[in-house]
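> Protein sequence lines correspond, in order, to chains A and B.
Note that UniProt numbering numbers the first sequence so that position 285 is 285, with each residue one more than the last.
Note that UniProt numbering numbers the second sequence so that position 142 is 142, with each residue one more than the last.
It is possible that some hints are incorrect.
Restraint ranges, calculated between C-beta atoms of paired labels, are given here [stated by the list, open to error]:
#1 A:168 with B:364: 52 to 60 angstroms
#2 A:215 with B:369: 45 to 53 angstroms
#3 B:486 with A:168: 41 to 49 angstroms
If you want the footprint, here are the derived chain A segments under chain B, 3+ residues with CB under 8 angstroms [unchecked claim]:
#4 33-41
#5 60-72
#6 341-353
Capping the alpha-carbon separation at 35 angstroms, the derived lysine-lysine pairs in DSBU-like fashion look like this [as the list claims (entries may be wrong)]:
#7 A:12 with A:105
#8 A:481 with A:518
#9 B:71 with A:71
#10 A:359 with A:383
#11 B:499 with B:485
#12 B:12 with A:12
#13 A:383 with A:499
#14 A:383 with B:499
#15 A:518 with A:383
Keep in mind the hints are simulated off the structure, nothing from the lab.
C-beta atoms are modelled at their ideal positions from N, C-alpha and C, and glycine is treated no differently.
2 protein chains.
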Amino acid sequence: MALPMLRAEPSKMPAVLTIAGSDSGGGAGIQADIKTFTALQCYGTSVITALTAQNTTGVQGVHPAPPTFVKQQLHSVLGDIEVKAMKTGMLFDAENTRAVVSALKEHYADRPIPPLVCDPVCVSTSGHTLLNPDAVEVLVSELFPLSALITPNRSEAELVLSHRQLPCSIESLEDMLRAARDMLSLGPKAVLLKGGHITSTMEDVERVLTQRPDLNVIRDGLLGENMEILLVNSKDTASDAMAVDVLQEQDTTTLFVRPWIDSTSTHGTGCTLSAALVCELGHGNSVVDATRAASRYTHIAIETASPMGSGNGPLNHLHPIISRSVPLPSRTNPHPLIRTLIFHTNDLWKAYVEHDFVKQLGSGTLARESFLHFIKQDYLYLKYYARAYGLLAAKSSTFSSIDAATKTIINIITEVSMHRSYCAEWGIDEDELRRTPESPATTAYGAYLLDIGLQGDSSRLIMALAACLLGYGEVGLWLMKEAAKPNTWVKLYGNPYLKWIQDYSGEDYQAAVAIGIKTLETMAVADPPSATRFQEWLGVWQECTRLEKGFWDMAMGLL
Amino acid sequence: MALPMLRAEPSKMPAVLTIAGSDSGGGAGIQADIKTFTALQCYGTSVITALTAQNTTGVQGVHPAPPTFVKQQLHSVLGDIEVKAMKTGMLFDAENTRAVVSALKEHYADRPIPPLVCDPVCVSTSGHTLLNPDAVEVLVSELFPLSALITPNRSEAELVLSHRQLPCSIESLEDMLRAARDMLSLGPKAVLLKGGHITSTMEDVERVLTQRPDLNVIRDGLLGENMEILLVNSKDTASDAMAVDVLQEQDTTTLFVRPWIDSTSTHGTGCTLSAALVCELGHGNSVVDATRAASRYTHIAIETASPMGSGNGPLNHLHPIISRSVPLPSRTNPHPLIRTLIFHTNDLWKAYVEHDFVKQLGSGTLARESFLHFIKQDYLYLKYYARAYGLLAAKSSTFSSIDAATKTIINIITEVSMHRSYCAEWGIDEDELRRTPESPATTAYGAYLLDIGLQGDSSRLIMALAACLLGYGEVGLWLMKEAAKPNTWVKLYGNPYLKWIQDYSGEDYQAAVAIGIKTLETMAVADPPSATRFQEWLGVWQECTRLEKGFWDMAMGLL
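Generate coordinates for the entire structure from the input sequences, incorporating the hints supplied.
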């Protein structure tokens, strides 16, 4: 079974449509629908049948849209955008209901209509009529047959059933089962009769099951078997109030059992549920799976809502989403992670890559002792650095990441042999290199890398290794860029450190930098960090930038 | 400076308002606004001034709302919900503009009006008139003075300036600077003149800066200094096309420079920018910071959009959000992480906690050799388990988490002494315990814990340690629950393993289980895992559940 809440890539967002009223207060109507579509990663379009002046306390006024204009909106949407699923909410009157039906029939005359969820909104929670009585017959005889699913609550079901002279009183779970089957006979492919206004218990469910062993029961909101440890603070008992929804399909009946919630944050519950159903159907799920997921979404939205307004407040439509900490890559910003890291450590990064050590190296004026001290300490540092990549190999989960870490170690070994030849040129042999005592700056940086490797996952270690890789690449390119300017302060010809500059600005090293950048950016897209985790990454990057600067301070001060 | 995209908790969501037209196609109007509000974690309300039948190819029809109804919607919203910031978009005609102004003046007669962003929408990109000519004077003379910020584009600025007989031709950056200052004189607190329809270059910006060194320049979308390594594939050159927005405040002028984007996904750009500004202002940011963040949001939304419809497609409003993998905790589901883990490994979890070993232990029929084999191997396993908590202490970043891991080690040492006394009762001395060879099931499980500890961060190690802690707690509670049933198969009195059952169902052990559950749930809320990371957690949980089952298989088979 698929994990809940895992969604397709934004580029695969299905387009969905709501045909309903507008709620100025934002808790119900097309506003609740658009919020739900957005939270569930769908592209929302809307046809407005009526405006309402409405807030959490009730409906203060209704201004219906002319039927021709409802039709025109539908043509605009369906004529341009391929809608994967749709819903109807408040249709207001018979003319608008007919306008919707005729536009849908025109558009889907020669091809199958996408799943349509009909929420037969008739009366608001606050008692305001949202569907004129003469519209009920149009709804039932014309719209129900087009619907993949209708989602009446108790009073809507009672209204429709009594209109058709069917038994209409719904007091018990048994009544609900009968009513759902009767409503199925009116033409829709499935009926979800919502039990929010009929309190049931597990005893009721068990009783019904003894009569109807064919029923499927989904106890999604309840503790299942083998969850005794989760019972500490909340006990499910047979007499607890439950909300039971009945899903009647052609050959199967499914009960969805959830704890009944005592909350005033319920304005727009029906709109939200049907909008979530549209998203799930638009993502290609079955009616049962869609009902399970949409009910869960709605349930949590009620439970995590904060009070707003002085009446029945809105649901928390936003509960299944969190904010990205690193922007998505785009054409003009293919490297959002690195940019963000540098942006947030701007002064420190500059102090590192434009360090006096670098400037004097570029102008060729750096004291020979400073460079030798640096080269010897860098030789010692590189041992830590290679070991850290060894640790990264050990922390890897794929052969390709083991391979990448190992190849880097081989590159470091090559870099080290470069160091040896420098040192030989400057009269330092390998024995002296080995006997050089480690500076505190070297130990601090090297040991920090290994500590991060011990403490975190591979992403944190990759972050720790980045400041060195990227910073030396930046220094190499910056010096060559400065060297290319007229009257430059950089001296290449006759610079005793020319080879160093060439090595770090050269193709081989820059290729390694490019791979490093790609690794980091790919990581942030594949496993987007939470705000907390991004702060950890940023903290590591910042500390390593500081340690890099300290390394050159050390070389200048010969500490 | 604050990190981009980090938002307040959902409970701190500011309520914001848009007063604008409806776009059935969903890319502009209040639909774009509501999507933007949702993506930027605000609670959206809306007052609809006119309906449009519209899609990506243009506006096919407009149905204005009556002015009295515009006013009624505004009263419904403002009379019930404390709005932190608001915007106006398409107002359509003079009467509706007046209705908006008078309702705002009534509501904020005796208290300051919240930041109002006026997007002076006059003409659609497709050329459709969205503001009747006679409304321009009302907009300028009555709404501008109430506005914290107006956000005209080139043609809107030209229209307004020509209406007031001010120099109105805007061809260059210099013209923009003059026009922005002239528009400020019309009454708003600030003017953001958008440069999307005037291509500039960095040379233009440099030229203007030599005349006006007082200008602030924010090159947010461009590479900054010390980013040579990011120039590999994209070069910013002096002659590249740029979009420059001019923000004119009372005493300061700021230029926002971004690469000009060549895209057809631009339907609703103005609506989206002003809606994002409202969110930033609603979150309490300054106008400059709000402009920087809102421009970045809009820019990425254009760049990451997928084509939709046959005309100018909508922006990708959803780019700054990702889906939660673990639902938020709520009253009826305080433990969503553990529930989700058990739900996804249901059969395996049941096979572990209702293992034959457990059942025979409960009924007292378990072979003595099996129990002794188990106890001896468990003794050896607990050494790994204690070491894994040692590793967790080493991976911790706070004294409290070091303390928690250490206290668990002490509990394990106590558990071990319990094992020693069991063994003594059953005639096994410490020497024999030490000499027992490790079963493969023991090594597999123990070494797996340490491997996860090496490979991942502390969250993954905590996940690995959970199956043992929680499973034994579940077994203890389940056996006691079964024992309490009439005609139970569980035998407590005279059961040779009674003490084992009592230990794991007892207060001390269950207190540890409760702490473990809390740690896990807190972790998932504080640092919500991405889909990738959640799959890692689930994989570890599943493997440990399998290894636990294998441990009891081993005890039954004496392997």
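> Tell me, in ascending order, the numbers of any earlier hints that this structure violates.
Violated: hint 14 alone.
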